[in-house]
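Listed below are the residues making up each chain.
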Amino acid sequence: MTPPGKPLRSNGYLHGLDTLRMVASVLVVYTHVANWFATRGHIWWGSAWIDRDVIGPLHLNPALSFAGVATFLVVSGLVVTHVANRETPGQFLRRRLTRIGPLLLATTVSAWCLINLGVLGAVSKQKSLDVGDLLLGTTMTGYFTTPEVVLNGVTWTLLVQVVFYLFVAATIPLLRSRAWLPPALAAAVVCVGLSFATAVHHNIPVHRVGIIAAFLPVLCIGQLISLVRNRHVSAPVGIAVGAANFMLFVWAGKLGEYFHTGTSHPRTLLLVIGVVILAMTAGGRISRSAVVRGWSARTYAIYLLHPLCIYPLMDWMVPDLGPDVSLVTALAVLAAVNEVFHRYLEMPVNQWIRAREKTRTRPSGRV
Amino acid sequence: MTERVGDVDAPTVSFAPVAAPLRDVSGSRGAGLPVAVATALVMTTYSYLFAMWPSRNDSVPSAVALVRRWVNEPLGIGEDFGVLGISILLICGGYTVASATRRDGPARVAGCLALRAAVPALVATLGSATTVLLGGSPLTRPATVEVSASDLAANVLLVDRVLGRPSLLELSWVLTAGALFCLFFAATRALGERLPQAGDALGLVTALTIVLTAAGSGGWYHQLGLIVSFVPMACVGRSLADAGAGRAPAWSPVLAGTGTFVVLVAAERSYDELAGWWYPLTFVYAVLVVLLALAHGQRRAGSAPVRWLAGRGYQLLLFQGVIGYALVGVLCSTAGLALWPALIAAAAVSCLAAECGFRVLRWFEARLPRPAYRNTS
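As given, the protein sequences belong to chains A and B, one line each in that order.
In terms of my numbering, the first sequence opens at residue 1 and continues consecutively.
In terms of my numbering, the second sequence opens at residue 1001 and continues consecutively.
Possibly wrong hints are sitting among the right ones.
[Stated by the list, open to error] If you anchor each label on the Cβ, the simulated ranges turn out as follows:
no., chain 1, residue 1, chain 2, residue 2, range
1, B, Arg1189, A, Ala290, 39 to 47 Å
2, A, Ala290, B, Ala1063, 48 to 56 Å
3, B, Arg1362, A, Pro89, 58 to 66 Å
4, A, Val333, B, Gly1302, 52 to 60 Å
Calculated from the structure, these hints are not laboratory results.
Heads up, the beta-carbon is just placed ideally off N, CA and C, and yes, glycines get one too.
Starting from the given sequences, assemble the full structure and let the hints guide the process.
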């Protein structure tokens, strides 16, 4: 789930964002581990403790749901807006899509195989999938079909991100002249999208549009943090437009149709926004460490791969080995598989694309 | 807690000489702190004047109801931001006392607190008693009180809540909590000088012990436990000041914050009076506001409104309940003025009273023989 592009180098690398990505990946994995225990009727001391002493007092969503995703989305909005400032719309879109595409394809194919082998359940409940379903999964168009075809449940956030990328690409000229306008425009678009989706009931594609509209403000808030930080927008204007986006998010929660994992999304988002703004100033030893940097580079792979590794392994091992050993083993396998995907797929493809870009942009002036 | 968000009756407790020496924080490390103080004062004024008066008089304006529905409830911030503001002030108070003591020495800070914190509190208490005797309705707990000599003495000594006496200042619990922090700070200063983390840890362990042992008891100790559960917030401010000055490692405030969270959770689970108010969440918000102000507030701290609020904040906190609150009643009930104009007029008069209080103190300071607290800025 690492957003594409190098994080903000113009005024110094924001090491704190690496730390946040690491924390976000842990939170997302935790959410799904805790959900696994909750849905299978097991009680695990770790999630019981967090439920009682963290989630309870802070009144957050069950299993800390949305905390990790909110962090990823805000950081993504922040970083993407920064890199958009120095790219053409075409270049911006090409880079973003080539960044998320290869791993999405590989993990969707993996999920398709695991589902057909019967070791993983499809989120959309199908027991067997054909090549058409694979195509729907890899292009994420399965989210708009009836019935839905969703192979890897976590990819819904990529759908929101892709819409945001399209929006940013379309508004790059505005971002350079009237930077406050794109997030304000986005608020208007979200308002229309939510109204439309709420008015039309029982329609899967329209409901999906509503979900995208509901979560788009999170990315726009990240965008505003970037714009205010780089002084493209003044702080009062940033706060005003950010508040409008935040209130739209609150409204989406009140509509009751788009947040399925709890009712605490607004306060989770507010806490995340505060932590992100604070983390931007962090530059200590921990956030500069190689571990954090390496982990941060692998968060996109972790995000896509963890349900594919953890769920089948836990289903297989917990009845015999118990929760603790099974969880540690599943996490170890996730780390190993993740390393393989990152080292032998994500990195080489990324380097190849960058090399091709360089070759294309190099002047062909040899006489 | 949603059912209690926006509820007007604050729990039995409340803080202290928060804003009094705030002008003392002029070093670059704490330069953003006035932004946090100003934010907190806007919150408390909104809560105790604009939201509490109408709520107690069954005339909640639609704007306040709207804010409760769209902001307070979704975010889990109860009491119309009032306790969030108080929590921020407690953290800022701890920060200010710790940094001022390190810079100016304990004697000067004690003198400063006596003049800038105790005197306005005394004036406000006496003013509230006088207003009650004249038939007015300042912000008290309970809403209507009668003044007796023993009650007045308890209020002046800041033990009204502990003894279960009527409070002439609704926020007297805040003053008591602040005073307790100052006493504790003085008692552990020597240890804190050598080992700042040990000072924090001792404070947290003491608070937790009192909170847990007082929960099952009755009488004054039970009431003390309620107030003590808020004191660790000031310890977080102290820890932040120590870490900011390089006297403690960066993880020290993290430990202090976690410890405070634990105390608040323990208090929430142990006291019926605190259940349902979501104070641990409020505390986390307060810490974020203070940290954001410290990290990014330096530029805004120089603006005139922020400087005004930070300088007169303590007086404003006290006088809005005594003068402003009583004035709304007079303007609405006696003069027949509409609610909003009355509230705005009351806020303006409270600000004027705070400005007068500030100027009188400065005038008084300038004429004192020994410069014990002059030049502390």
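(request) Could you check the structure against the hints above and give me the numbers of any it violates, in ascending order? (result) The structure breaks none of the hints.
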